[in-house]
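Peer 1: Each chain is listed here by its residues.
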Amino acid sequence: METLRPQLNLTELRQLRWLLGGLIGLLSAWTVFYMEVDALVVLAVITAVVPVFTFFPRLSRVLPRVFHLLAFPVIVVLFALDIWSTREPLPAMIRLALMLLCYRCIAPRGRREDLQLILLALFVVVVTGVFTVSIAFVAQILLFTAASLALLLVVTLSDARAGGVAPPVKEPRRFLPQLSAAPLPGAEAGWERVSWLELLGRVRAVADVRVVALGGALFGGVVMLSALLFLALPRFEISNEFFLDRLITKSTRTGFSDNVTFQDVVNIQQDSSVALMVDVSDPNAVPGELYWRMLVLDEYSGNGFRVSAGLRSTFQSSREKMHVHTWRGLRNQDDRTVWTLYFQPGVSKYLPLLGGFSRLTFGEPQALLQSSSLRLAQLPVEPAKMVAYRVEGMDTDGMIRDPFFAREGRIRVNESRFGQAAAERGLDPMLDELVPRDVTFLDLGLERPEDVALLQKWVAEIGGPGEGGGEFARRAAAWLQSRHAYSLSMRLSPGEGDPLIRWLNSSEPGHCELFAGGLVMLSRAAGIPARLITGFKGGVWNPVSGSITVRNSDAHAWAEIWDHGLGAWLRSDATPGAQATPGTGLSAGFRSLEFDEGWGARFDGLRVFWYRRIVSFDQDSQMELLRGTKEHIRATLESMRVFIEEKLRAFAAWVRSPWDVSRVAGLVGGLVALLSLVVLWRRAGRGWWMGWRSRRAASHRRDPVRIEASRWLARLERAERGRAGAGPELRAQLEVTRARLLRLRFGAREGWATPAVVFRQAKSVLRSLSRVRR
Amino acid sequence: MSDFFSAPQVTSARETLQKLRACMRSTIKGKDNVIDHVLTALIAGGHVLIEDLPGVGKTTLAYALARSMDCAFSRVQFTSDLLPSDVTGVAIYDETIKEFVFKKGPVFANIVLADEINRATPKTQSSLLEVMDRGKVTVDGQTHAVGAPFMVFATQNPVDYEGTFPLPESQMDRFLMRLHMGYPQPADELDILRSARHGYDAIAVSSVVSRSDILQLQALSSHVFIEDTVLDYILRLVAATRTEAEFRAGVSVRGGLALKHAAQARALLEGRDFVVPEDVHALAGPVLAHRLTLVRPAADGTEERRLVAAALKRILSAIPGPV
Chain A
10 METLRPQLNL TELRQLRWLL GGLIGLLSAW TVFYMEVDAL VVLAVITAVV
60 PVFTFFPRLS RVLPRVFHLL AFPVIVVLFA LDIWSTREPL PAMIRLALML
110 LCYRCIAPRG RREDLQLILL ALFVVVVTGV FTVSIAFVAQ ILLFTAASLA
160 LLLVVTLSDA RAGGVAPPVK EPRRFLPQLS AAPLPGAEAG WERVSWLELL
210 GRVRAVADVR VVALGGALFG GVVMLSALLF LALPRFEISN EFFLDRLITK
260 STRTGFSDNV TFQDVVNIQQ DSSVALMVDV SDPNAVPGEL YWRMLVLDEY
310 SGNGFRVSAG LRSTFQSSRE KMHVHTWRGL RNQDDRTVWT LYFQPGVSKY
360 LPLLGGFSRL TFGEPQALLQ SSSLRLAQLP VEPAKMVAYR VEGMDTDGMI
410 RDPFFAREGR IRVNESRFGQ AAAERGLDPM LDELVPRDVT FLDLGLERPE
460 DVALLQKWVA EIGGPGEGGG EFARRAAAWL QSRHAYSLSM RLSPGEGDPL
510 IRWLNSSEPG HCELFAGGLV MLSRAAGIPA RLITGFKGGV WNPVSGSITV
560 RNSDAHAWAE IWDHGLGAWL RSDATPGAQA TPGTGLSAGF RSLEFDEGWG
610 ARFDGLRVFW YRRIVSFDQD SQMELLRGTK EHIRATLESM RVFIEEKLRA
660 FAAWVRSPWD VSRVAGLVGG LVALLSLVVL WRRAGRGWWM GWRSRRAASH
710 RRDPVRIEAS RWLARLERAE RGRAGAGPEL RAQLEVTRAR LLRLRFGARE
760 GWATPAVVFR QAKSVLRSLS RVRR
Chain B
24 MSDFFSAPQV TSARETLQKL RACMRSTIKG KDNVIDHVLT ALIAGGHVLI
74 EDLPGVGKTT LAYALARSMD CAFSRVQFTS DLLPSDVTGV AIYDETIKEF
124 VFKKGPVFAN IVLADEINRA TPKTQSSLLE VMDRGKVTVD GQTHAVGAPF
174 MVFATQNPVD YEGTFPLPES QMDRFLMRLH MGYPQPADEL DILRSARHGY
224 DAIAVSSVVS RSDILQLQAL SSHVFIEDTV LDYILRLVAA TRTEAEFRAG
274 VSVRGGLALK HAAQARALLE GRDFVVPEDV HALAGPVLAH RLTLVRPAAD
324 GTEERRLVAA ALKRILSAIP GPV
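Residue numbers (our numbering), protein chains in the order written: chain A, 10 to 783; chain B, 24 to 346.
I should point out that these hints are in silico values taken from the structure, not numbers from a laboratory.
Warning: the hint list may mix true and false statements.
Pair ranges (Cβ atoms, derived) [what the hints assert, rightly or not]:
no., chain 1, residue 1, chain 2, residue 2, range
1, A, V745, B, P181, 56 to 62 Å
2, B, R319, A, W93, 23 to 29 Å
3, B, P181, A, W697, 54 to 60 Å
4, B, S103, A, F76, 15 to 21 Å
5, A, T763, B, D214, 44 to 50 Å
6, A, P737, B, R319, 48 to 54 Å
7, A, A762, B, P189, 47 to 53 Å
8, B, P189, A, W205, 25 to 31 Å
Quick caveat: nothing in here was measured; it's all calculated off a predicted structure.
Glycine is no exception: its CB is placed at the ideal position from the N, C-alpha and C atoms.
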């Protein structure tokens, strides 16, 4: 028997299964977009093919038998070739899972295949979850879970509807004949002819609001409980624990490396994705100019700059993975500002920093290579997922103080070996690690004497080295900007010689690397040590999350010039439009930044909120959150208790106060009025309310009177079953009531008796029936 | 007329039908169910195909119905040499008035018994199409209305197929129901043996209802209320026959309408002014089965009917009615 609410038939259940299967396949496949795995081709195929096959299920029947026969062997061969060529098992396994998912989504499915699909999708989703920490991923996994539960429910329902006999789809070879040979009643043949709008309308019609609400509430409850557990559980890094990070080693599309050729930084600028998100404990401490230093390049190679072997050797590695890394050089103890940086994968292994720091804390234990002299830090390998780190005591003034270089002055560093020099001069042994060997801050790296002569000529034009590098840098930058305009493209006049010198010798526009490189070369020609810095400049303020967003398009190159007088490296940005003035890094506050508005900013803001929740630098924030939640619950319960107690006290006081006739009369009157209201509601109000809703019902299906009558009919039938001992009078009552209920349920409204009266009668008959023994 | 009629109308209809039912039951013993179906078809304005062995009371049933309601009854024995004009009538030249005069055929009655209809040629069989559909006959461009009410009782023998012409699907679709008489129970048969003395012509049946009563019932029947979920139930049953792989073609739209009209008539017969799912369920077999043909041909007609009935039963059990 069927209640008033219609049910989906087997055909519709199969159609729903097909739709949910396709949805799950797509959802899980799309999570791979968040990973740095080379699977764009498979993903593109899935994105293009699966929706079409899901929308037109008949296509799955059109696939020739040979396709099903060859599909699995071909996928296995592709997987073997993938493993053999890339030697990376996990990415290959993900690609294998995607290929299998794709096949499962487009080939006909039975119960077993549906379960396989869920398992495959789960594998992809879990692997992606381990490697990514994205809020969009959370939304996807919630959708995936809901869709999987719905699919399992539909699979169970359709099996039950088919009498427990699901059509087995064991092998492709046997599949087609089976489907067409032994169809289930009213279901199999032609189920692929789907009108999705009609089906969704049917699903909407059969969906019981109460069941959906209950299911939704249960799902929400489980999600809430999981969220609480997630907050309470101690964090650990799965990839760290199982060395999985080594399995994904794909390098980024664009990114900073220690060998920058001209145009590299410009290429990074083409990418507008987020590179870095920064939380600042005191937004007013944000400096007016944000220069995120990542790399110091000293050696000129003719077509760009690179990190010399000597400079690279200044990076000292910590022996073990640690949460906290401290600075071994000077410490900026006074600055209490805490910078929390969420560094996106695929940018670089060099961590963006504004300058030196006193303490660097990672969300997860990390090995770190530091160069104290360069004020740089790098990870051993490029991270495959977002890296969160907190920096305290960070220099933001753009001056990199360097005590060793201050002692050495303008001496060519690569001519001395500081190991001996330090011993001779009795330097602090702690500074041993600061010794730069083979660094070439003064090397021009030019082969042609003509080029050197040209540089000397330009230095003379600029006015010679003057006093202090900072002053020369300002003049040199002005000289460069007077000769060259800014452009993202690089044009060189034809001819021989070094390309940078040729550009300097021309009036062609250029990009930041050329301006920075030119400034470095001019400074070196003037005898002032100089080096090229790459990283990011600026960032925008996200008012939604109260954080700074730095995009890859903010990639920049600038120079650092040695100022002997200050004993520090001064940032100097010769690119036109840059306002960088060496030695100025005054706090201007977040209001000096450009504000990021719009939907993109809201999404980025959500990501920051997510990162704040999932990244735990220590147990304190986690404990604080838990304490807050606990406190909130306790406070709510306490206020409820206080409220109830107050009311009870007031009631007790009211009872204890002296009674007189008027009070008694008032009380009795009140009770009578209340009772009358209840009786009135039960006698007339409820019926009127139901009648009013019934008249307004959009269709018979939604008519509350018909729904209620349907329930009473079902109850009476259940109660009557097995009660043969009911007397003739009761049977007569039952028949009359049933006839009236049937009229309410199936008859025209004009012929209805008063529904409330009929339902009361049904209730009475039901009670009488329940007294009869079975 | 609205879709709701007053309680006195329902009561009056019920009384009329009970009289008719009682009268027929007194004549045809032990076939209450068949009588109810025939009355349902009559109220719904449909025609009945009775498929059974000779001598089980098919003709008597038709005759008893005609007599119970004081209607004109005619019987046509279909044979292979029967011509359409033998059924519908023919225009004959009248010497006295010097013009063609239409001589009405046996179809001009209220209850027409088309005996062994499958023995006539398809051409003669199809002469019934128009009259079954519209209650009219067109001869030589002139349309003549047959009696009202009008009901065709066709019979055919399911076993003897020698020299028969199976009814085409379009013809089958015109019948509201296909019924089977079956042998009576021994007690009922004993009663028949005791009481029957002559052929059906000698059966003394006095009319208990008038033709106008029947026409009123027919008019009332079309206004019996059908709730949306019951309509949806009919729709799902019909749709299921169209997607069932065992059937060559599902039930037509006419078939769905027939089920609806029959359910309305049954509701009236039961003294209700609204249809319940039970009405649809009870009539689905008689109304739908003869409109369905199997993809794979069966060994004989009986086997085919059994397979169709089994498939229909499966559909009925798979598609629950609303409660």
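Peer 1: Hints first: check each against the structure and report whether it holds.
Peer 2: Hint-by-hint comparison with the structure:
1. A C-beta distance of roughly 43 Å is found between A/V745 and B/P181, which places it outside the suggested range of 56 to 62 Å.
2. The hint said 23 to 29 Å for the Cβ distance between B/R319 and A/W93, and at roughly 53 Å that hint is violated.
3. The supplied range of 54 to 60 Å is met by B/P181 and A/W697, whose beta-carbon atoms lie about 59 Å from each other.
4. In this structure the supplied range 15 to 21 Å is violated for B/S103 paired with A/F76, their Cβ-Cβ distance being about 56 Å.
5. Roughly 48 Å separates the CB atoms of A/T763 and B/D214, a value that falls within the hinted 44 to 50 Å.
6. Separated by about 52 Å at the C-beta atoms, A/P737 and B/R319 satisfy the suggested range of 48 to 54 Å.
7. The supplied range of 47 to 53 Å is met by A/A762 and B/P189, whose beta-carbon atoms lie about 51 Å from each other.
8. The hinted range of 25 to 31 Å is not satisfied by B/P189 and A/W205, whose Cβ atoms lie roughly 42 Å apart.
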